[in-house]
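K.L.:
Spelled out, the chains give:
2 protein chains.
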Amino acid sequence: MTEEKKDDNVIYVGKKPSMGYVLAALTQFTNGAKEVVVKARGKLTAKAITVAEVLRNRYLPELKVKDVKIGTEELTSEDGKVSRVSSIEIYLVKE
Amino acid sequence: MTEEKKDDNVIYVGKKPSMGYVLAALTQFTNGAKEVVVKARGKLTAKAITVAEVLRNRYLPELKVKDVKIGTEELTSEDGKVSRVSSIEIYLVKE
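As they're listed, the protein sequences go chains A and B. With numbering that gives the first Met the number 0, the residue at position 54 of the first sequence is 53, and numbering never jumps. With numbering that gives the first Met the number 0, the residue at position 35 of the second sequence is 34, and numbering never jumps.
A portion of the hints provided could be inaccurate.
You can't tell identical chains apart in this list, so a pair holds if it fits in one copy or across any two.
To be verified - Under the rule of at most 25 angstroms between Cα atoms (straight-line distance), these lysine-lysine pairs were calculated in the DSS-like manner:
#1 63 / 33
#2 38 / 63
#3 63 / 42
#4 63 / 80
#5 93 / 80
The hints are simulated quantities; they were obtained by calculation from the structure and are not laboratory data. A quick note: this is a predicted structure, and the numbers were derived from the prediction, not measured.
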């Protein structure tokens, strides 16, 4: 079983509608996860917050935000240009 | 003097370019603030993270992120319609 794999509990928020990520996280908690990390970069960091908030407010009110980490990541494009983007990691735990 | 007022140490991130908010926070620390809170709502939450990160990476590497709070706020428009937006508060401290 791969249930113990760390990355199983990470939701990477991308360009799809928020609700898909909300339901992905909900599924992980329903399947027994005690902690899920919602991650995003750049402008999608705003969506990551919304995903965490909708999950808590609408589906799992017992969830706690254990920690929120912000940071900066460097992306190197194909032509070697380096750009920096902000990132967020939201640690949600079921108590 | 109004220096003791709590709101003096809050930066509300809006639609203007990020650098203005970075410099506003930098000015507060330069004027002796030990803590500055960067706040934003909705899509601007992503910009608030960038403001905090640029401030730390480019100007004040000794700054620590003491806490990051995420939440949801209800906005009531003039026609009485209630909408919910995500919010962020980033607590930066000079050590």
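K.L.:
All the hints need checking, so say for each whether the structure fits it.
P.N.:
Tested hints:
no.	hint	result
1	63 / 33	within (11 angstroms within a copy, 28 angstroms between copies)
2	38 / 63	both (16 angstroms within a copy, 21 angstroms between copies)
3	63 / 42	both (24 angstroms within a copy, 23 angstroms between copies)
4	63 / 80	neither (39 angstroms within a copy, 29 angstroms between copies)
5	93 / 80	neither (41 angstroms within a copy, 32 angstroms between copies)
When the structure is compared with the earlier hints, violations turn up for hints 4 and 5 and for no others.
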